[in-house]
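Asks: The primary structure of each chain is shown beneath.
Protein chains: 4
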Amino acid sequence: MFEFQDRKPVPVAILGATGQVGQKFVELLSNHPWFHIVALTASERSIGKKYRDAAQWRMKTPLSEEIADMDVVTPNPNIDCCLAFSALDADVAGDIESDFAKAGKIVVSNARSHRYEPDVPLIVPEVNANHLDLLSRQSYKPGGIVTNPNCVVIPLSMALKPLQDAFGISAVDVTTFQAISGAGFVATTTMNIEDNIIPYIADEEEKIQKEFSKIMDLQCPISAQCHRVPVSDGHFLSVGVTLKEKPDLKEVISCWNGYSPEIQSLQLPMSPQKPLNYFEENDYPQPKLHRDLDKGMTVSIGRLRTCPNMDFKFCVLGHNIIRGAAGGAVLTAELMLRNGQIFW
Amino acid sequence: MFEFQDRKPVPVAILGATGQVGQKFVELLSNHPWFHIVALTASERSIGKKYRDAAQWRMKTPLSEEIADMDVVTPNPNIDCCLAFSALDADVAGDIESDFAKAGKIVVSNARSHRYEPDVPLIVPEVNANHLDLLSRQSYKPGGIVTNPNCVVIPLSMALKPLQDAFGISAVDVTTFQAISGAGFVATTTMNIEDNIIPYIADEEEKIQKEFSKIMDLQCPISAQCHRVPVSDGHFLSVGVTLKEKPDLKEVISCWNGYSPEIQSLQLPMSPQKPLNYFEENDYPQPKLHRDLDKGMTVSIGRLRTCPNMDFKFCVLGHNIIRGAAGGAVLTAELMLRNGQIFW
Amino acid sequence: MFEFQDRKPVPVAILGATGQVGQKFVELLSNHPWFHIVALTASERSIGKKYRDAAQWRMKTPLSEEIADMDVVTPNPNIDCCLAFSALDADVAGDIESDFAKAGKIVVSNARSHRYEPDVPLIVPEVNANHLDLLSRQSYKPGGIVTNPNCVVIPLSMALKPLQDAFGISAVDVTTFQAISGAGFVATTTMNIEDNIIPYIADEEEKIQKEFSKIMDLQCPISAQCHRVPVSDGHFLSVGVTLKEKPDLKEVISCWNGYSPEIQSLQLPMSPQKPLNYFEENDYPQPKLHRDLDKGMTVSIGRLRTCPNMDFKFCVLGHNIIRGAAGGAVLTAELMLRNGQIFW
Amino acid sequence: MFEFQDRKPVPVAILGATGQVGQKFVELLSNHPWFHIVALTASERSIGKKYRDAAQWRMKTPLSEEIADMDVVTPNPNIDCCLAFSALDADVAGDIESDFAKAGKIVVSNARSHRYEPDVPLIVPEVNANHLDLLSRQSYKPGGIVTNPNCVVIPLSMALKPLQDAFGISAVDVTTFQAISGAGFVATTTMNIEDNIIPYIADEEEKIQKEFSKIMDLQCPISAQCHRVPVSDGHFLSVGVTLKEKPDLKEVISCWNGYSPEIQSLQLPMSPQKPLNYFEENDYPQPKLHRDLDKGMTVSIGRLRTCPNMDFKFCVLGHNIIRGAAGGAVLTAELMLRNGQIFW
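So the sequence lines, in the order shown, correspond to chains A, B, C and D.
The opening residue of the first sequence carries number 402 in the working numbering; numbering runs sequentially from there.
The opening residue of the second sequence carries number 402 in the working numbering; numbering runs sequentially from there.
The opening residue of the third sequence carries number 402 in the working numbering; numbering runs sequentially from there.
The opening residue of the fourth sequence carries number 402 in the working numbering; numbering runs sequentially from there.
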């Protein structure tokens with residue numbers, strides 16, 4: 402990584418910097434070796450305030466004085482940056498992100514607005530980095546838009562990609578136990594989640610089916626049942642899968658343990674040492690214990706068993722705000738920088 | 402019910418009266434129109450204490466002075482009662498329950514010790530009341546042992562029985578979200594459940610498969626994935642089912658709405674008005690809102706949808722300590738009294 | 402109560418009927434013997450919808466078909482009712498409530514807008530029913546505005562009133578553990594309360610000091626420290642008090658046990674049998690066990706001890722949405738009806 | 402710290418290594434620069450097992466293979482170590498710790514068994530390091546016993562020590578919000594803490610009063626009200642204090658911000674950069690956000706206000722398992738090593 406040491410860090414903007422995912426971007430990028438935050442944007446009522454006053458800071462790392470004193474600005478596409486991370490709400494993300502791309506910026510977005518456009522890559526860096534080639538088809542060059550999938554699809558596709566490569570997948574069933582933080586800081590349903598299960602998350606089941614197919618280039622039945630549970634962070638999935646070939650339990654576990662996608666060789670700052678960690682303990686993974694594994698970037702798997710309905714069933718856990726949102730987006734940007742897809 | 406009004410209430414003992422299910426038996430039977438508590442048993446260290454001192458009372462209904470002042474006694478089968486409700490731990494329940502049955506008592510047990518014996522009925526009153534005929538094969542007459550199934554199997558079998566009767570079931574898949582109270586008052590795993598999911602409950606998946614088959618007289622694939630979640634009461638199930646016939650969504654809902662097993666006509670004290678309640682709201686049922694429906698005896702169902710893997714998927718909720726334990730056992734005893742299967 | 406049986410029920414409107422307290426008013430008044438709901442109002446975006454669609458119903462009692470089908474209307478003071486219960490937000494309550502009073506209606510409000518006006522009674526029915534005389538000073542006659550205090554002040558004043566009457570109070574210290582539901586259905590801080598304590602509730606400490614003085618007609622030091630805790634319902638208070646006279650522990654407990662304010666003799670529908678319940682158990686009261694005591698209207702007290710700083714310390718618990726909001730307001734209205742202060 | 406670099410690490414035993422505090426000792430000492438774990442002891446039923454099988458590992462840091470493969474042994478005082486950290490239960494700690502001390506070992510204990518003996522130092526390293534001089538009065542030389550205080554007293558004494566030094570303390574009032582982990586892994590009361598407050602912790606209030614006096618060498622009224630709350634980790638305290646001198650708010654805050662006890666100059670491995678951190682934000686500190694500050698060793702303070710009853714009130718937060726137990730004990734041992742009070 403010699404080449405980066407001689408250069409100045411890449412100036413980046415964070416769009417929608419005061420919300421849950423926006424604050425996580427600020428936290429992850431505050432001491433990043435390659436990226437330097439130059440602008441923080443938010444909605445109208447925060448403009449002109451210091452970031453410390455506009456954001457109700459809820460990350461565990463104390464806010465640095467330098468960031469705290471930055472002025473929150475409007476999302477003007479002429480901001481002097483090469484790269485913008487977007488944590489915008491879907492209702493405004495579409496236009497703002499397009500404007501930044503038109504102005505020559507690379508936008509790595511956590512919003513769903515552009516996810517389903519055929520020339521917009523929907524990236525899980527360990528799974529489908531090759532989809533970044535779609536950028537060349539976009540009209541925004543040298544700008545471009547790259548998107549981050551839904552926070553359930555990310556760990557699900559990471560756990561299933563090695564099985565798809567080795568055995569072929571013919572059907573998927575996923576029942577989710579989704580953390581409260583997935584609903585953002587302000588959510589009308591939150592008052593009711595204490596001591597409760599909410600068996601519905603708007604549009605989530607459809608998103609999972611649609612995005613999983615796009616990322617995996619896979620047409621097969623996929624059934625999702627989504628639930629909000631009283632857990633602060635970490636989406637937990639109970640998964641069933643039917644495979645084309647019929648491995649035994651050991652072969653499946655070996656497949657996960659041996660999983661080392663190409664990106665691992667680059668040793669990117671945000672990469673975990675192991676993208677997947679299979680636990681042998683019969684009551685692991687658990688959100689409270691394992692969501693933060695390797696900076697919150699490792700996806701944990703456990704309890705592989707045969708199933709009388711699907712071939713196998715098992716559990717998957719991923720940190721929804723880090724691996725499933727801000728951390729995944731930062732890793733994508735790191736990969737793009739190494740690929741020469743970000744210009745500065 | 403004229404005949405009961407002229408008679409004295411049935412004297413009953415509660416075996417294992419200080420634990421979670423035992424306390425619920427005390428609460429439900431304290432003002433029962435047909436049953437009268439005459440003895441409370443517990444383990445060695447509680448013997449000789451007043452119930453108020455032996456039990457750390459955790460029910461919402463304040464303990465009556467009369468019950469509070471009762472002495473806790475050893476589980477002597479010569480206790481002067483006709484009927485014993487057992488909330489004993491499985492490690493002692495087997496022998497004590499047999500002894501009571503040999504002494505001529507009817508034992509209605511929540512313990513698993515005798516559940517799998519071929520001549521011991523495993524009863525969900527709305528589902529397989531006819532299995533009570535097995536009593537005639539027992540060697541204990543006039544005593545006898547009747548058992549209550551696992552707290553997941555009860556709502557599951559109630560939700561699936563009408564579908565079995567109407568359309569035939571060929572496969573079942575159930576992912577559970579089980580409440581903390583299911584683990585009893587003292588549980589080594591509880592320290593870890595706050596803000597967490599524990600994806601393992603010892604022996605639970607096997608029990609569900611085994612007991613469901615026995616109750617439903619049904620041999621078909623059934624797959625269970627069990628999880629403990631930070632909810633105080635109410636087991637929530639995400640269910641998939643494949644049927645032999647292929648009804649549409651409306652026919653399935655009608656089948657639930659029209660479900661009125663024979664026991665309903667008896668209007669027993671513990672019976673809910675509707676054993677099943679299907680909710681049309683897209684985010685119902687929820688444990689906090691619906692676990693207590695109709696004294697905690699109604700099983701709630703919601704979110705019926707077609708599934709690309711199984712035929713249908715939907716949610717089921719039942720109160721694990723009431724419908725799934727003490728309340729179910731009391732209802733069974735009420736039915737047996739009406740059937741003339743309890744002698745006093 | 403003969404006189405009410407011959408008359409038609411009092412027609413009542415619920416202002417702000419879709420929020421947390423509004424829904425509780427609907428639940429409590431749906432089968433009320435004296436009051437009949439004739440109008441449900443809400444904010445602009447709900448107008449014209451059926452109540453079932455405008456409100457996301459979160460009460461445990463299922464919504465009746467009759468109420469579910471009512472149209473939500475604008476808060477027009479000409480609504481044909483004698484009495485309006487207000488669960489309006491403070492930012493709109495002031496004017497709407499004044500308009501209803503000017504139009505001849507009695508308004509019983511849970512909003513803080515009019516609480517501090519000298520001619521507006523701030524009522525805890527068991528504590529200062531005599532303050533209802535202030536109505537005669539209002540300019541709204543025959544209309545009028547009566548207010549309900551803050552949800553901490555209600556149980557606090559109920560626990561301290563008998564001590565004030567018997568021994569005189571010279572200082573009060575209260576540390577609160579406030580339930581999530583006190584923040585309403587939509588609250589920006591809720592995402593953070595799971596596995597957390599929030600040591601600040603805007604304006605709460607000032608409100609407690611101010612309202613306690615008004616209700617108790619008492620000038621003395623009162624210090625409040627307010628905290629939000631991850632409990633669904635039930636405000637728990639750790640209280641210290643210094644008295645003018647110096648009773649012993651038994652005398653204080655006797656004082657609570659013997660507390661029977663005048664309103665008790667009326668046996669109003671919403672009155673609990675005992676307004677205060679002192680628990681002898683050393684770990685009571687507990688929100689989960691005791692918040693619903695006697696319809697949620699009884700205030701629980703426990704753990705009285707001497708204190709080296711104040712004279713005594715003890716715990717108090719009251720249901721914040723029932724006793725501390727909707728239930729308290731309904732009781733006030735029942736009292737006013739019996740007093741002849743509501744005309745219909 | 403030159404001298405340590407030339408020497409082999411100090412061999413240490415962990416007594417009671419499988420429980421909550423024991424596991425935290427293992428986690429903190431697994432990669433410690435000065436200490437090397439040579440023995441792990443536990444109760445009878447764990448003897449002879451590998452640590453991985455004896456302990457149900459619940460720390461976030463994955464267990465190293467080296468530790469996982471260690472055999473659990475009986476607490477034999479002849480174990481070849483210089484130092485033993487004790488996380489033993491109080492019912493066995495007394496004798497075992499004495500035996501280790503008699504055998505020439507330094508025991509740093511988290512158990513309460515020896516805390517109140519006049520020649521046993523009860524140490525908070527930042528507060529009363531000078532009490533380590535008591536070791537010279539013990540009969541165990543070269544062995545000795547040093548104890549760690551109760552997990553509430555540690556943050557309380559750290560927050561109050563600078564005020565005592567600067568202004569003198571004349572009265573203290575503390576209301577606690579104690580985390581679940583403080584009750585250990587197995588606790589009979591835990592089933593009830595979800596969605597609840599338990600207003601009693603056995604002996605806790607007495608311990609706080611007694612230990613605070615011993616540590617601070619201070620005789621003054623101290624009143625404690627203890628509560629268990631549904632928070633996983635982090636004891637939160639609402640504190641009132643009356644001072645002999647009368648500083649203003651700024652002087653108190655300055656006193657905390659300037660607090661730098663002598664131990665800070667040693668830059669010990671377990672020392673936080675700042676032992677106390679005062680937050681200016683009006684809703685800080687919060688357990689979820691701040692308990693892990695600086696390895697969980699910083700005590701957070703916030704919300705200083707004047708109080709009409711005491712002089713000042715404020716909030717204090719400390720991690721109960723790290724700062725309040727294992728981490729505090731490790732810091733004490735580090736200090737003793739630097740002081741030359743551990744021989745190896």
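Be careful, since some hints might not be right.
To be verified - Derived DEER-like restraints, expressed as beta-carbon distance ranges:
(1) E445(B) <-> N683(A): 53 to 61 Å
(2) Q457(D) <-> D492(B): 46 to 54 Å
(3) K647(A) <-> Q457(D): 49 to 57 Å
(4) T475(A) <-> F744(C): 52 to 60 Å
(5) D534(C) <-> A491(A): 50 to 58 Å
(6) E467(D) <-> E467(A): 57 to 65 Å
(7) E646(C) <-> D500(D): 28 to 36 Å
(8) S571(C) <-> A603(B): 29 to 37 Å
(9) P709(C) <-> V493(D): 49 to 57 Å
Calculated directly from the structure, the hints in this document are not laboratory data.
Note that the Cβ used here is the ideal one computed from N, Cα and C, for glycine as well.
Asks: Taking the hints in turn, state whether each one holds.
Replies: Checked hints:
no. : hint                            : verdict
1   : E445(B) <-> N683(A): 53 to 61 Å : violated (33 Å)
2   : Q457(D) <-> D492(B): 46 to 54 Å : violated (21 Å)
3   : K647(A) <-> Q457(D): 49 to 57 Å : violated (34 Å)
4   : T475(A) <-> F744(C): 52 to 60 Å : holds (57 Å)
5   : D534(C) <-> A491(A): 50 to 58 Å : holds (56 Å)
6   : E467(D) <-> E467(A): 57 to 65 Å : violated (41 Å)
7   : E646(C) <-> D500(D): 28 to 36 Å : violated (55 Å)
8   : S571(C) <-> A603(B): 29 to 37 Å : violated (58 Å)
9   : P709(C) <-> V493(D): 49 to 57 Å : violated (34 Å)
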